[in-house]
Every structure is written in structure tokens, then in C-alpha cells.
Amino acid sequence: MITAGIDLGSTYVKAAVVKDGVRIGHGVAPTGHDHDLSSKRVLDSALKMAGIEMKDIVHITSTGYGRRVTTLAHDNISEISANARGVQWLGAELGVRTIIDIGGQDTKVIAMDDNLKMINFSMNDKCAAGTGRFLEVLAKVLDVPLSEMGPLSLTSKDPVDITTTCLVFAKSEVANLIFQGVPKEDIIMGIHKAVARRLVAMAKKVGVHDVVFFDGGPAKNTGMIFAMERELGRKMYVPDNPQIVTATGAALLAVERHG
Amino acid sequence: MKEKRTSRYLKDKDGYFSEEQIDRTKKRSREMEEASRTRLTSQKVRAKTLTYFDEIMKYDGARSQELSDFQGKGGKIIGTMCVMVPLELINASGAKNVRLCSGYYEPVHPANELLGDAGLCPMVKSTLGSKMVNANPITNNINMVVGPATCDGKMKLAEILEDWVPVVMMNIPRVKIGETSSDIWVKEIEYLSRKLEEVTGKRISKRALVNEIKKWNRGHELWSKMLDIRRSKRPTISGQDAMLVVQASQMDDIERWNKKTSQLISELQDMQKKGMIAGEDGAARILLAGSPMMYPNFKIPAIVEESGGTIVHDELCSGFRLMSDPVMLDGITRKGIMRGLAERYFFPCTCPCFSPNDERIRRIKESIEAFGIEGVVFHTLRGCHLSNIEATKIELELRDIGIPMVKLESEYDEGDIEQVRTRVEAFIEMIKARRENEGI
Numbered sequence: 073m074i075t076a077g078i079d080l081g082s083t084y085v086k087a088a089v090v091k092d093g094v095r096i097g098h099g100v101a102p103t104g105h106d107h108d109l110s111s112k113r114v115l116d117s118a119l120k121m122a123g124i125e126m127k128d129i130v131h132i133t134s135t136g137y138g139r140r141v142t143t144l145a146h147d148n149i150s151e152i153s154a155n156a157r158g159v160q161w162l163g164a165e166l167g168v169r170t171i172i173d174i175g176g177q178d179t180k181v182i183a184m185d186d187n188l189k190m191i192n193f194s195m196n197d198k199c200a201a202g203t204g205r206f207l208e209v210l211a212k213v214l215d216v217p218l219s220e221m222g223p224l225s226l227t228s229k230d231p232v233d234i235t236t237t238c239l240v241f242a243k244s245e246v247a248n249l250i251f252q253g254v255p256k257e258d259i260i261m262g263i264h265k266a267v268a269r270r271l272v273a274m275a276k277k278v279g280v281h282d283v284v285f286f287d288g289g290p291a292k293n294t295g296m297i298f299a300m301e302r303e304l305g306r307k308m309y310v311p312d313n314p315q316i317v318t319a320t321g322a323a324l325l326a327v328e329r330h331g
Numbered sequence: 009m010k011e012k013r014t015s016r017y018l019k020d021k022d023g024y025f026s027e028e029q030i031d032r033t034k035k036r037s038r039e040m041e042e043a044s045r046t047r048l049t050s051q052k053v054r055a056k057t058l059t060y061f062d063e064i065m066k067y068d069g070a071r072s073q074e075l076s077d078f079q080g081k082g083g084k085i086i087g088t089m090c091v092m093v094p095l096e097l098i099n100a101s102g103a104k105n106v107r108l109c110s111g112y113y114e115p116v117h118p119a120n121e122l123l124g125d126a127g128l129c130p131m132v133k134s135t136l137g138s139k140m141v142n143a144n145p146i147t148n149n150i151n152m153v154v155g156p157a158t159c160d161g162k163m164k165l166a167e168i169l170e171d172w173v174p175v176v177m178m179n180i181p182r183v184k185i186g187e188t189s190s191d192i193w194v195k196e197i198e199y200l201s202r203k204l205e206e207v208t209g210k211r212i213s214k215r216a217l218v219n220e221i222k223k224w225n226r227g228h229e230l231w232s233k234m235l236d237i238r239r240s241k242r243p244t245i246s247g248q249d250a251m252l253v254v255q256a257s258q259m260d261d262i263e264r265w266n267k268k269t270s271q272l273i274s275e276l277q278d279m280q281k282k283g284m285i286a287g288e289d290g291a292a293r294i295l296l297a298g299s300p301m302m303y304p305n306f307k308i309p310a311i312v313e314e315s316g317g318t319i320v321h322d323e324l325c326s327g328f329r330l331m332s333d334p335v336m337l338d339g340i341t342r343k344g345i346m347r348g349l350a351e352r353y354f355f356p357c358t359c360p361c362f363s364p365n366d367e368r369i370r371r372i373k374e375s376i377e378a379f380g381i382e383g384v385v386f387h388t389l390r391g392c393h394l395s396n397i398e399a400t401k402i403e404l405e406l407r408d409i410g411i412p413m414v415k416l417e418s419e420y421d422e423g424d425i426e427q428v429r430t431r432v433e434a435f436i437e438m439i440k441a442r443r444e445n446e447g448i
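Chains as they are written, first to last, in this note's numbering: chain Y, 73 to 331; chain X, 9 to 448.
Wrong hints could be hidden among the right ones.
[Stated by the list, open to error] Derived contacts from chain X toward chain Y, CB cut-off under 7 Å, selection only:
1. Asn365
2. Arg368
3. Ile369
4. Glu417
5. Glu433
6. Ala434
7. Asn445
8. Glu446
No wet-lab data here; the hints were simulated from the structure.
Positions of the beta carbon are idealized from the N, C-alpha and C atoms, including for glycine.
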């Protein structure tokens, strides 16, 4: 059986195609104004990668903020359940009990039991503090490509203290630091540390046990991983494609839902 | 109370708000109430008697006309700002009560002109804003306000409202175990009694008071029957509707409310016999807790019940607590009656303004057991510091007994609906997945 999951996030659309428990294709693209169009494009590229056609897919489940907007999907599920399902699929042998997911406008922490069933979760309140958007906007202020943020920050010798995770205030704080001539890498590591501090506090409230799984777009950022691990005081497991775990989870849930 | 009052918070009240601001506040309030009512009336299974309660709570409905006629004939209307105000006393003085706490979003904006930077909860701001622009016909023409000084927001709100209307502030002893607390509260109630006599010009007789207590106790008795229906495996009333009904008791004449509620209960029981159910079959059984949600601010309960949950119980001062616990008369001396009233309105109250407040978690746990609760939705209004603080303690206590809790913060606007929905949906999916796990 071939199914697909579409994760319509606030900044990126992700798609995954699953055949008999194996992911055979995926795609990622920025979320446009037309949700149907962008999800179709991303799904098409996932299909291409899998070498199959639309008619081969028996069930599509959508997730993420735009999950109810797209007409492509048969049904939808919250991104929290989809993310947990994706991690479940990646393997019980990893020993994951906590998932930390940074999305475009949300951060989530999910706690799981020994059977990898979700037992608790927490999400940030509605502001953009500590989300992917926070990193994205500050990267723009610093005029550094998002993909360079990680490597550059790892060269920092003396990270600054960013005292706020409020995006509006952080923007002016960063602008001030630039004027003062503080090296970019020190500012960026400061930003990563500020996000890490906020996320780890949230994770601790939900409960941090055994292996911590880190996913979402910002999990591709090596500087972010470094800061998170320091703040947590433990190593995390970061999958090869951290951005498509939730879409994969939705594709797997589509199998169950198709019956 | 007849001396000319000078304004302290807003010096030039006349013409302060433009026609545009006033009209907008009224228009949007009306639209919001209509939308909330439509959401309620479009529930698939809904008792017909509920239409009566819709009308009581309607913006500019028949009740506001009724109250204004009553006042036209010299009757007095007393606005209450808290679940701790003894309504029996107000009714025994011949006055009518209306609850002022506002669930309308738009009046927050005029209040923001005074309080925008104060970080106060939106319910406090909306209540003030409603008065500032006279946005709500049902609460416009009050003769006096009774405001127990519970949280900081409510306390200062009462003070500010004095710029517009006479206010009786009541001193709530917030340390509940102190030996003095019960005595202070009895004295405060006696003080309220004198203030009511002043404004109505009528002495509150012992007989009238006992009579009113009987009426309100009957309301409590009916509400217990309502809880039985909600406790059952197949409740025939949604949590939103139950909240609407109980909030209507704060606006309606209690005798008529009793009559209609009794009628409603018969209808709900008949519906049960026919095998009907409100909400989804197999819905997650949810307890709603936290900050108050006044109609038409039913955003959170509506999302819960649209996402596969049924609110079978709550612990809110805008819900269950309005009608819980009857007055136990300690003899029929005036002193005994006052003490009975004081105790009813003080000890069972589990407002987070009290410390210690272990009674709250005890009651929540009891409800979880009795109502077969599978998860707790804990709502805090932005700026409701006391609820926010207690949420941590409650979540940990619930974790110990294996009951999940989701905490939701909300504002008085529609901007957070989708974010709240994501959290609620995930929460309910989790509860249902747990059932499969446990083989239920």
C-alpha cells in the first residue's frame, strides 16, 4: 500500500510517500499563498523521487497549520500526533522518550512512554519566541544565510548573552550588537543559546528522559544542536532528514486510516 | 452615596469616546454574541428548552428590556463582579442581580485607553470597557456594583468603576485558614446588607432572606440533577450549553430560572431515554478548569467540543461553582442566617486568590473520579497570574494520578483560535490513543 503525508507548516510544506513501511520519496518547499498549489508541487517532487504517480497513492493525510486548507488530503491529524508517529517509525531501538520539535511558528515537546505512545506534550504560547521564525528573522537582520548560521556560530569564542526571546526586542538587541562591532558568530551563538534556554525549560516541564529526539527545520542547524545539547546536559538524536519526520508520520497514519 | 462623585481615572468623561468608537464597540459586541449563539444553536443534538436561556443571554435581548422596565418603576439593579457575592441578600432587599464580568471582546479596546499597559486580564478590561462606553444593554443601568477584592485586577477594576457607578468593595480574607477569616467575612456580608438597604431604601427582613435562600437552594438542587445527566455515560447536554444555563442564573430571576431549568432537566432525561447523546459517541470526557469564561467568550469550550471532546464537568467560577453548595442555615436567628450565607460563599470557593488552596485540587480529583474524566483542559486568560501559578501545581498533581492536562492561554480575540485548536486536537487524539493502549 502506498500512502502520502503532507505537512503544511507556516513556512515550509513537506511531503513524504511511504510504501509498506518504507519511505520512498519526499519533498520540501516554502509555503506559498496557495496551499493547494504548494502542496501539490511538493507531493509531485516526492512522487518523482519515488518513481510513482499520483494514482498509485491510496490515501493522503495532511497535518500542520494548513492541514484543513488543502483539498488534496482525505483527512487530517494534528502535527503533534503525526510527529510522534514519525519518531515511532524511526525505531524503538533508539530509546527515544522525549521529542523536541522546532517549527516555523511553534515549538513542541512531546513525552513518550516505553511503547513510544505519546503521554504528554507542551507547545509554546502564541508568540514567535524560540521558533524557527525567530532564527529566520534574526538571520536576515545579520545578513547571514540561514544555512550558514550553524557553521558560523560554531566558530564563536565568546558568545554574547541575548537577554530576550521576544522577537521584537531581540531584533533591536541584535541591531545594537552589530553597531557595537560584536563578531557575527558571537551574536549567532548567543541567539542559539537563547532559543535553547527557552526550549530546554519547556522540555523539562514535560519531562526529559532517556534519548532526546530533535527534529523540525532548525534541527539541521549544527549550532542550534550544539547549544541545545549544552543546555540539556545530554546528547540528542538528530535524524538525517529532521524536516520530514512529521510528514512521514502523517503518511504512516494514512495507512492506519485507510484500513 | 448621594454626593457628587469626582472621577479619578478619567477626568473628562463626556465626549471622551467618539461616536465611531461607541458604535463600533456595540456593533462588534452584537456580532460576536450572534456568532456565539449560532455556534451553540447549530449543535446537532440540543434540547429545545435551551432557546429560553439563549434569549436571556442574548445581546440586547428581552431580559435587558425587562430589567430596564423594572428600573423604570423604581427597582434597583445590582451588578456583581464575583461568584462570592451572596445573591440571596440582593434579592431579599428587593433588588435584582446581574453579573458584570464581561465575555465580550470589543470593549477591551476602550479600556485599553486607560489600562493598556497594565498587563491585566482581558475579562477585567472588557468589564470596564463595557461600562466606559455603555456597550452592553443588560449591564448598563446598574445602581450599584458589588466587587469582592479577590485578584489585583478585580480589586482595581472595582475601584476604577467608582468613576461611573457606586461600588461596594468587599474585603475577602485571602488567607483561608486564619482564625479571623470567617469572622471578617461575616462582617463584610453584614456591611453589604447595610449598603443594599441604603440603596433600595428597604430593610432586609429575616423572612425575605430565608425565602430567597430557599429559592437559591432549589437552584442548587436542580443543578445537582444537571450534573447527574452530565455524569452519565451519555450526556444529553454539551458543556457549552450547561455553562450557558448556569450563567443565565446570574442574569435571570431565580424563580423563573428554576422553573425553566427543571423543564430543561425533564427534556434532557427524556432525550436520554431515547438514547440520544450530545456531541460525539465515544468523545473524550473533559474537565474544564482555570480562568473564567463568560458568555459569549465560549471559544475554548467550543473548540474542545468541536474536536471530539465533551466537557462533562468544570471547576470554573463561570460554571459549576455558580450553583454548587447550598446555604446551610445555622438556626433561624439573623446571626445564624448571616453565618450560613458567609460560609456558603466563602469556604467552598476555590478561587486561586486564596492560599492555601488545596481544596481546589481535592475537588478536581473528586470530580475526575466521579465524572470519569479522561483529561483536564486548563485555561488561563492572559494576565490571570493566579490561575497561571496554580496550573503548575495542578498539572503535577494530576500527572501523579495519570490524568493528562493541557494548559491553554487565551486572549479576548479570535487570533489564537487555530493555535488553540491544534493543541486541543492533539490532546484529544492523545486521550483516545491512550484508551486503545489500555484496551478500553
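- Task: Of all the hints given earlier, name the ones this structure violates by number, lowest first.
- Result: 1, 2, 3, 8
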